[in-house]
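K.L.:
Chains as they are written, first to last, in my numbering: chain A, 6 to 155; chain B, 6 to 220.
Some hints could be false.
[Unchecked claim] Incomplete in silico selection of chain B near chain A, CB under 10 Å:
id, residue
1, Lys11
2, Thr15
3, Ile18
4, Ile26
5, Lys33
6, Ser183
7, Val194
8, Gly196
Since the hints were derived computationally from the structure, they do not count as laboratory data.
Even for Gly, the Cβ is constructed at its ideal location relative to N, Cα and C.
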Amino acid sequence: MVNLFVMIRVMLGALFIFSGFMKLTSPYQNFLYVVQSYEILMSPFDGWVARLFPWLEFFIGIFLVLGLWLEWALYGTLIMCTVFIVVVGQAMMRQLPITECGCFGEKFSLPLPTMLVVDNLVWILTAVSLMKLPKTSQRSLDQYFVSGHS
Amino acid sequence: MSKLSKPQLTALIIILGVAVILVVNWYKESLISAFQKGISARAKGQLNAPIQIIEYIDFQCPACARGSKFLKKCFQKYSDKFYLEVKNYPLAMHPHSFLSARYAQCAAKQKKFWPFHDLIIDRQDQWKNLANAVPAFQKIAQDSQMDIKNLEVCLQDKKIEETIVAEKEDGASRGVQSTPTYFINGKIVVGYKLLEEELVNLFKQGGYGELVCYD
Chain A
6 MVNLFVMIRV MLGALFIFSG FMKLTSPYQN FLYVVQSYEI LMSPFDGWVA
56 RLFPWLEFFI GIFLVLGLWL EWALYGTLIM CTVFIVVVGQ AMMRQLPITE
106 CGCFGEKFSL PLPTMLVVDN LVWILTAVSL MKLPKTSQRS LDQYFVSGHS
Chain B
6 MSKLSKPQLT ALIIILGVAV ILVVNWYKES LISAFQKGIS ARAKGQLNAP
56 IQIIEYIDFQ CPACARGSKF LKKCFQKYSD KFYLEVKNYP LAMHPHSFLS
106 ARYAQCAAKQ KKFWPFHDLI IDRQDQWKNL ANAVPAFQKI AQDSQMDIKN
156 LEVCLQDKKI EETIVAEKED GASRGVQSTP TYFINGKIVV GYKLLEEELV
206 NLFKQGGYGE LVCYD
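So that you can see chain A by itself, here it is in the shape it has in the complex:
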């Protein structure tokens, strides 16, 4: 029988891989525009975030799917989701016109309230996966290395 926690782990990982991949395979200026639209970071920090963040997303996603350094990857996911929630929340409070002009790429543009719901859902799923780490770790490379050394 398929372990639900493993499924959640793989789905979260796939989501992060997809999100990171889409950003990394399009000009970084597109994501820089998104970062700037939240009006939090000054130059040159916005540029650093725009360059670094997609790589973090991509590799955290890969590590989640493979179950490698799983606990760290889950903590990383939790931190990223917390950042998303804070950033999106402040944008909503300040009523920034983020949904204008395809700021998240035209095909994946979501209204801010929907994004906030998705971010919270991912946060909860990640927290539950961390709490149930032994179950989440099944069928993972971490488990392979542990069993290989025992």
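Following the hints, put chain B in place on chain A, whose structure we already have.
P.N.:
The following block gives chain B in isolation, referenced to the frame of chain A:
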């Protein structure tokens, strides 16, 4: 894999991940052809100007209006420094953007693109929230001295739609995801803020003095 340690496997995965991204980006870039300049009725400025701008626009996008007004001021002040070509990138999220692109393309066919462009941008606040923007576009067409009979025929022309769709697809293949997106001397620049920064930098680098494109 049994001979690999966990850190070695981690390093291998990171190297493979980076390699995949690099190969995909290299492949995508290899598919992009150079812009063909000077063939559009939606271009202005000198072909050999030092600052070459290709702009992907959605007429209903507020940031595009801001960028267009800024560029217009720059052109008025430094006409010998710029070449600008406007391309359509109507976003699905804006209900009037495709229709406005149709009107603009028809204006280009009548060699009235720039008067139409300037008016539709200036009056964006008046039509962007309307349920039916057709009367507003008709008025802009009239005020741009367009031939209204020809316009009616042109608006029904399937080729106009095909041109807009093809232009948008071409933009997407070059990495355009949102509007306004500019290619300034070949470098992609997204949004009004970066447009301004890039032009200020180019003016400094070119020794043209300080760029001031405001009233």
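K.L.:
Which hints from the list above does the structure break, by number from lowest to highest?
P.N.:
Violated: none.
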